[in-house]
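Peer 1: Chains A and B, in that order, give the protein sequences.
Residues in the first sequence are numbered from 7 upward in steps of one, following the working numbering.
Residues in the second sequence are numbered from 7 upward in steps of one, following the working numbering.
Source of the hints: derived by calculation from the structure; they are not laboratory data.
It cannot be assumed that every hint is accurate.
In this list, chains with the same sequence are indistinguishable; a pair is considered to hold if it fits within one copy or across any two.
Under the rule of at most 27 Å between Cα atoms (straight-line distance), these lysine-lysine pairs were calculated in the DSSO-like manner [to be verified]: (1) K259 - K200; (2) K118 - K39; (3) K168 - K48; (4) K259 - K168; (5) K259 - K139; (6) K168 - K116; (7) K200 - K116; (8) K259 - K48; (9) K200 - K139; (10) K48 - K200; (11) K168 - K139; (12) K168 - K255.
From a predicted model like this one, the values you see are computed outputs, not experimental measurements.
Number of protein chains: 2
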Amino acid sequence: METRIYSNTQEVIISPDRPTVIIGERINPTGKKRLAASLAEKDMSRVRRLALSQVKDGATVLDVNVGAAGVNEVELLPMAIQAVMEVTDVPLCIDSANAAALEAALQVYKGKALINSVNGEEASLERVLPLAKEYGAAVIGLTMDDSGIPQDPATRVAIAAKIVERAESYGIPREDVLIDCLALSVGADSQAAKVTLEAIQRVREELGVNMTLGASNVSFGLPDREAINSVFLAMVLAAGVNAPIVNPKHARKVAIIADLLLGRDEFAMNYITFYRQQSQGRD
Amino acid sequence: METRIYSNTQEVIISPDRPTVIIGERINPTGKKRLAASLAEKDMSRVRRLALSQVKDGATVLDVNVGAAGVNEVELLPMAIQAVMEVTDVPLCIDSANAAALEAALQVYKGKALINSVNGEEASLERVLPLAKEYGAAVIGLTMDDSGIPQDPATRVAIAAKIVERAESYGIPREDVLIDCLALSVGADSQAAKVTLEAIQRVREELGVNMTLGASNVSFGLPDREAINSVFLAMVLAAGVNAPIVNPKHARKVAIIADLLLGRDEFAMNYITFYRQQSQGRD
Numbered sequence: 007m008e009t010r011i012y013s014n015t016q017e018v019i020i021s022p023d024r025p026t027v028i029i030g031e032r033i034n035p036t037g038k039k040r041l042a043a044s045l046a047e048k049d050m051s052r053v054r055r056l057a058l059s060q061v062k063d064g065a066t067v068l069d070v071n072v073g074a075a076g077v078n079e080v081e082l083l084p085m086a087i088q089a090v091m092e093v094t095d096v097p098l099c100i101d102s103a104n105a106a107a108l109e110a111a112l113q114v115y116k117g118k119a120l121i122n123s124v125n126g127e128e129a130s131l132e133r134v135l136p137l138a139k140e141y142g143a144a145v146i147g148l149t150m151d152d153s154g155i156p157q158d159p160a161t162r163v164a165i166a167a168k169i170v171e172r173a174e175s176y177g178i179p180r181e182d183v184l185i186d187c188l189a190l191s192v193g194a195d196s197q198a199a200k201v202t203l204e205a206i207q208r209v210r211e212e213l214g215v216n217m218t219l220g221a222s223n224v225s226f227g228l229p230d231r232e233a234i235n236s237v238f239l240a241m242v243l244a245a246g247v248n249a250p251i252v253n254p255k256h257a258r259k260v261a262i263i264a265d266l267l268l269g270r271d272e273f274a275m276n277y278i279t280f281y282r283q284q285s286q287g288r289d
Numbered sequence: 007m008e009t010r011i012y013s014n015t016q017e018v019i020i021s022p023d024r025p026t027v028i029i030g031e032r033i034n035p036t037g038k039k040r041l042a043a044s045l046a047e048k049d050m051s052r053v054r055r056l057a058l059s060q061v062k063d064g065a066t067v068l069d070v071n072v073g074a075a076g077v078n079e080v081e082l083l084p085m086a087i088q089a090v091m092e093v094t095d096v097p098l099c100i101d102s103a104n105a106a107a108l109e110a111a112l113q114v115y116k117g118k119a120l121i122n123s124v125n126g127e128e129a130s131l132e133r134v135l136p137l138a139k140e141y142g143a144a145v146i147g148l149t150m151d152d153s154g155i156p157q158d159p160a161t162r163v164a165i166a167a168k169i170v171e172r173a174e175s176y177g178i179p180r181e182d183v184l185i186d187c188l189a190l191s192v193g194a195d196s197q198a199a200k201v202t203l204e205a206i207q208r209v210r211e212e213l214g215v216n217m218t219l220g221a222s223n224v225s226f227g228l229p230d231r232e233a234i235n236s237v238f239l240a241m242v243l244a245a246g247v248n249a250p251i252v253n254p255k256h257a258r259k260v261a262i263i264a265d266l267l268l269g270r271d272e273f274a275m276n277y278i279t280f281y282r283q284q285s286q287g288r289d
């Protein structure tokens, strides 16, 4: 099962047999006051810097989200996509809950994008899947619907199956659907991460599609978030996620070691190369 | 499924519903020249220090192994058990491939010990299981037999099932058998950790018994072993291991976060307590 996305010049292949693909999460104003302020002024310099720093840190796809109170996403999202394309050639993940903004961004994007996201709500399926089909994009499906986010793994898997089937009915092949089983904070619900892990495992077994996860939410509200995120990332990669949306600065090392442990790094070549680069960086 | 082991004064319960039990690995002369030298001179001061430091670092059970070239384990293992009992009350895991040494140590141990280990070889089953029965001990079963360590998960699970059944035939309840699915170095075989992870998952699903794992072997021969061990520990705890044999200094934080993520830490109480202790320690 291979999901291929690309820019003008670079292709990224997401597959259970290949190394983990890191989708950089940082171009997102949620909780980032300075980024939100610069976006409100249509200043894209910070977006460009975040794009470059994440690629340097090991992201091979970048998520681009400009959603914030008072922002006109239909105008701003294509501007941000354009700005990122000016400084890097990595493929992009176009992230908005606003279908008009998604379409405006898809119109300027050069390549095959990843759309973030559709979910199991009828309104979402009917608005977003035709866009994915029309622009030849891959799409992330969130395992939630009109009733919210299910608390049990089985219902999340059922929503994932529904999204995959509906995508196919629009002529979008299942390899172009990435499922996101949704990570919620264990600070708010002690069973939250366990439910996500079980859903991931079942999606891998029952649907076999590739998976992403906005993994950092798991530690929201708790101290030393980076430590929690690292342990959770190890678990979700072992369970079947292969293109997590994370901060590459913290996640890259865990992903490289996970690939080593999950049989995706023959002779430990990638691990040893990474270790040497790190060691040289410290000299 | 609860495995209970105890010393004169302390009981430890190993169960999928309870926090991870850390079995300290460090009283073991393999690769430790100074410990090997002091054991050769029957000097137990280093054994006592390793016992105390591991309990301070969060071990709630200690593995005691004195096996080295030229060492008389039948004499030395009970001496080491005695020395550890003098300085700490945590329950012990008596570790030897020599059945006579196991028996000599069981004779001096006060409480219900964990024997490390029996395996699927006929000779091992016939020598070790009667000892576990006679001394009322719990026992670790290694998933290997006369043909060596199987390279496929299914055969490891079959050996685990055989050990559990044979133990029951000796009157040892299955809750007193801990399975060790065996971790081998990913430096030598890129599929090694994947096979172990799959075996662990299947033992949890098919046998439901508690599991240990000598987890640190996975990184043998590779640089930055601690980083690899941490990611692997997160994965094996999610897969079902609940009493790993590890270095508590490095493993404790991962285990506490794993418990938080696996729904075994309501309101994040243990995690927050640990975080505060760490922060105070840094002041």
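Peer 1: With reference to the structure, classify each hint as holding or not holding.
Peer 2: Hint check results:
For the homomeric pair K259 and K200, the shortest alpha-carbon distances inside one copy (23 Å) and between copies (18 Å) are both at most 27 Å. In the homo-oligomer, the alpha carbons of K118 and K39 never lie at most 27 Å apart, since the shortest distance is 31 Å inside one protomer and 58 Å across protomers. Taking the shortest Cα distances, K168 and K48 never come within 27 Å of each other, neither inside one copy (38 Å) nor across copies (68 Å). When the C-alpha separation of K259 and K168 is checked against a cutoff of 27 Å, the pair qualifies neither within a copy, at 34 Å, nor between copies, at 39 Å.
In this assembly of identical chains, the alpha carbons of K259 and K139 never lie at most 27 Å apart, being 35 Å within a copy and 46 Å across copies at closest. Within a single copy, K168 and K116 get their C-alpha atoms no closer than 29 Å, and across copies no closer than 59 Å, so neither meets the 27 Å cut-off. For the homomeric pair K200 and K116, neither the shortest alpha-carbon distance inside one copy (39 Å) nor that between copies (38 Å) is at most 27 Å. Proximity of K259 and K48 under a CA criterion of 27 Å is satisfied in neither setting, with 34 Å inside one chain copy and 43 Å between copies.
In this assembly of identical chains, K200 and K139 lie within 27 Å of each other by CA distance neither inside one copy nor across copies; the values are 34 Å within and 37 Å between. Taking identical chains as interchangeable, the C-alpha atoms of K48 and K200 are never at most 27 Å apart, the minima being 40 Å within one chain and 48 Å between chains. Only within a single protomer do K168 and K139 lie at most 27 Å apart by alpha-carbon distance; the minimum there is 17 Å, versus 53 Å between protomers. For the homomeric pair K168 and K255, neither the shortest alpha-carbon distance inside one copy (34 Å) nor that between copies (46 Å) is at most 27 Å.
Violation of the numbered hints given earlier is confined to hints 2, 3, 4, 5, 6, 7, 8, 9, 10 and 12; the remaining hints are satisfied by the structure.
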